[in-house]
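**Student:** Those sequence lines, one after another, are chains A and B.
Numbered per UniProt numbering, the first sequence spans residues 1 to 276.
Numbered per UniProt numbering, the second sequence spans residues 1 to 236.
Do not take every clue at face value.
Residues of chain B clear of chain A, computed beta-carbon distances all greater than 12 Å [said to hold, decoys possible]: (1) L83; (2) W90; (3) D92; (4) K99; (5) K129; (6) N130; (7) F219; (8) G231.
Looking from chain A toward chain B, a few residues come up when the C-beta cut is under 10 Å (computed) [claimed, not checked]: (9) E100; (10) S101; (11) P180; (12) G217.
One side only, chain A facing chain B, incomplete, derived with CB under 10 Å [what the hints assert, rightly or not]: (13) G17; (14) R18; (15) F20; (16) D68; (17) Y99; (18) G151; (19) N233.
Simulated from the structure, these hints should not be mistaken for laboratory data.
Beta carbons are placed, not taken as given, at the ideal position from N, Cα and C, and that holds for glycine.
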Amino acid sequence: MFRNQYDTDVTTWSPAGRLFQVEYAMEAVKQGSAAIGLRSKTHVVLACVNKANSELSSHQRKIFKVDDHIGVAIAGLTADGRVLSRYMRSECINYGYTYESPLPVGRLVVQLADKAQVCTQRSWKRPYGVGLLVAGLDESGAHLYYNCPSGNYFEYQAFAIGSRSQAAKTYLERKFEKFPESSRDDLVKDALFAIRETLQGEKLTSSVCTIAVVGVGEAFNILDQETVQALINEFEISGEEAPTNESAAEQAGGDADSAPDQSGAAAEGEAAPMDI
Amino acid sequence: MDTLLSSEGDSQRTQYPYVTGTSIIGIKYKDGILMAADMGGSYGSTIRYKSVERLKQVGKHSLIGASGEISDFQEIQKYLDELILHDNMWDDGNSLGPKEVHNYLTRVMYNRRNKFDPLWNSLVIGGVKNGQKYLGSVSMIGVHFEDDHIATGFGNHLARPILREEWREDLSFEEGVKLLEKCMRNLLYRDRSAVNKLQIAKITEEGLTVSQPYSLKTFWNFAAFQNPTVGAEGSW
Numbered sequence: 001m002f003r004n005q006y007d008t009d010v011t012t013w014s015p016a017g018r019l020f021q022v023e024y025a026m027e028a029v030k031q032g033s034a035a036i037g038l039r040s041k042t043h044v045v046l047a048c049v050n051k052a053n054s055e056l057s058s059h060q061r062k063i064f065k066v067d068d069h070i071g072v073a074i075a076g077l078t079a080d081g082r083v084l085s086r087y088m089r090s091e092c093i094n095y096g097y098t099y100e101s102p103l104p105v106g107r108l109v110v111q112l113a114d115k116a117q118v119c120t121q122r123s124w125k126r127p128y129g130v131g132l133l134v135a136g137l138d139e140s141g142a143h144l145y146y147n148c149p150s151g152n153y154f155e156y157q158a159f160a161i162g163s164r165s166q167a168a169k170t171y172l173e174r175k176f177e178k179f180p181e182s183s184r185d186d187l188v189k190d191a192l193f194a195i196r197e198t199l200q201g202e203k204l205t206s207s208v209c210t211i212a213v214v215g216v217g218e219a220f221n222i223l224d225q226e227t228v229q230a231l232i233n234e235f236e237i238s239g240e241e242a243p244t245n246e247s248a249a250e251q252a253g254g255d256a257d258s259a260p261d262q263s264g265a266a267a268e269g270e271a272a273p274m275d276i
Numbered sequence: 001m002d003t004l005l006s007s008e009g010d011s012q013r014t015q016y017p018y019v020t021g022t023s024i025i026g027i028k029y030k031d032g033i034l035m036a037a038d039m040g041g042s043y044g045s046t047i048r049y050k051s052v053e054r055l056k057q058v059g060k061h062s063l064i065g066a067s068g069e070i071s072d073f074q075e076i077q078k079y080l081d082e083l084i085l086h087d088n089m090w091d092d093g094n095s096l097g098p099k100e101v102h103n104y105l106t107r108v109m110y111n112r113r114n115k116f117d118p119l120w121n122s123l124v125i126g127g128v129k130n131g132q133k134y135l136g137s138v139s140m141i142g143v144h145f146e147d148d149h150i151a152t153g154f155g156n157h158l159a160r161p162i163l164r165e166e167w168r169e170d171l172s173f174e175e176g177v178k179l180l181e182k183c184m185r186n187l188l189y190r191d192r193s194a195v196n197k198l199q200i201a202k203i204t205e206e207g208l209t210v211s212q213p214y215s216l217k218t219f220w221n222f223a224a225f226q227n228p229t230v231g232a233e234g235s236w
């Protein structure tokens, strides 16, 4: 995208019918570090890549618990993400206080989307520069939504946002058909594989990624580092090619062994999914 | 009239109820909830109105019964209509169940109480959602309960003891109605504001039905009524 005379404020349309400020906000999401989500009928898993500015600093928190039954992973301007998380927590708590019942995640997502839309139609505001993957449970089951700076929201079986998310999306596209029936642990495994795709050869360790799970009978919780590292070791995927089912090969990192016997091969070079 | 704490432009405050309904009784039974209420609206000690419907549907899953000030119940119905309207406008497959309605009303009643402007009612909310039966009550000061059998007003003193003895988890519809009628008959004998015209409402997963008004048979032929002055000559 290049600068043009219609991109100064959000309330200016371009002749082609675009709002450039909103599109620039979505660019900010694409530049943030990756976040992915996937769901089965009963569980939703969120995972994200944590990058620290330097070795001296801590990692940015990109996954937030909103309520026992809802959590969110963000990509983009983390500060905007924190503010929106606080709004979501507030809405959940108020609903719970009035109705003694958890706020249905579909309603929270619509409220969030309407809040984002306001910022696309006021000349004194700017769009939120953050994309949110909202994972939650309600009476109709497990849900995963993506909320966009434009005020749009979509429901997904699996999705990835942020930088190099295309690699994760490609992996998820190969696997998503079996997600509804997956067990919780298989979902977590697939999340780790998807994160590894975005790392493009870097070693996958628990210091680089964060995993969170919510499901029927399991309140939203972020897995601690030891658990994640144990899972990574167990699946023996730190540098290896992803085996399709279990029975992994060696432990040694870095080497790209071609192990995929069954569903592996055909995925590369497929049409890119809609990049919103 | 001016006082130190209020002025003429003050909001209306219900200090005394005017037209009131008497007890409501509710029980859980095998398939859902049964609730009974008579159709009387008393104006003090006068039984003024005899066709007051005190049992009403709320959304798809709930039933509310009210005792106390009838105009305040009508106000509550307006709040509930708006609540259900907004719930339906989401059009998203989620809906407020009896538990949510009960808690919403608890908040309303308690907040009004804190402003010294209560809605002068005792409410019973019952319903079934996703197979779960729910029955609860809220008073005018926001005190709320949940139980297998609920009553308001005189029903607490005259009906609950019967229910404590005879209520069971697996009552059939007929048994439940008989039990409620036994309680309502007792109230008819002993509660001065009871009238002999009642409705019974049933709510199950399938839906709600409110019966047509009907009367209970009563028995007055007690031996003690034959010669009432036999132990006290000269009295009447």
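**Student:** Once the closest CB in chain A is found, is it more than 12 Å from G231 (chain B)?
**Tutor:** Its Cβ never comes within 12 Å of chain A, the nearest being 56 Å, so this holds.
**Student:** Go through the hint on Y99 (chain A) and say holds or violated, using the shortest Cβ distance to chain B against 10 Å.
**Tutor:** holds (4 Å)
**Student:** A closest beta-carbon separation below 10 Å is what the hint needs, so does P180 (chain A) meet it against chain B?
**Tutor:** Constraint on P180 (chain A) not satisfied, violated at 18 Å.
**Student:** Let me know if the C-beta of D68 (chain A) comes in closer than 10 Å to any C-beta of chain B, holds or violated.
**Tutor:** violated (17 Å)
**Student:** Checking the smallest CB distance to chain A, is L83 (chain B) really beyond 12 Å?
**Tutor:** violated (10 Å)
**Student:** Determine whether the non-interface label on W90 (chain B) survives the test: each CB of chain A must be over 12 Å from its CB.
**Tutor:** violated (6 Å)
**Student:** Are all beta-carbon distances from D92 (chain B) to chain A longer than 12 Å?
**Tutor:** violated (5 Å)
**Student:** Would the least Cβ to Cβ distance between K99 (chain B) and chain A come out above 12 Å?
**Tutor:** Nearest chain A Cβ is 6 Å from K99 (chain B), so the label is violated.
**Student:** For the restraint on G151 (chain A), tell me whether the closest CB of chain B is nearer than 10 Å.
**Tutor:** violated (17 Å)
**Student:** In terms of Cβ atoms, is chain A entirely out of 12 Å range of K129 (chain B)?
**Tutor:** violated (9 Å)
**Student:** Double-check G217 (chain A) for me: the hint is only fine if its C-beta lies closer than 10 Å to a C-beta in chain B.
**Tutor:** violated (16 Å)
**Student:** Quick check on R18 (chain A) please, does its C-beta sit within 10 Å of some C-beta on chain B?
**Tutor:** violated (30 Å)
Hints 1, 2, 3, 4, 5, 6, 11, 12, 13, 14, 15, 16, 18, 19 from the list above are not met by this structure, while the remaining hints are.
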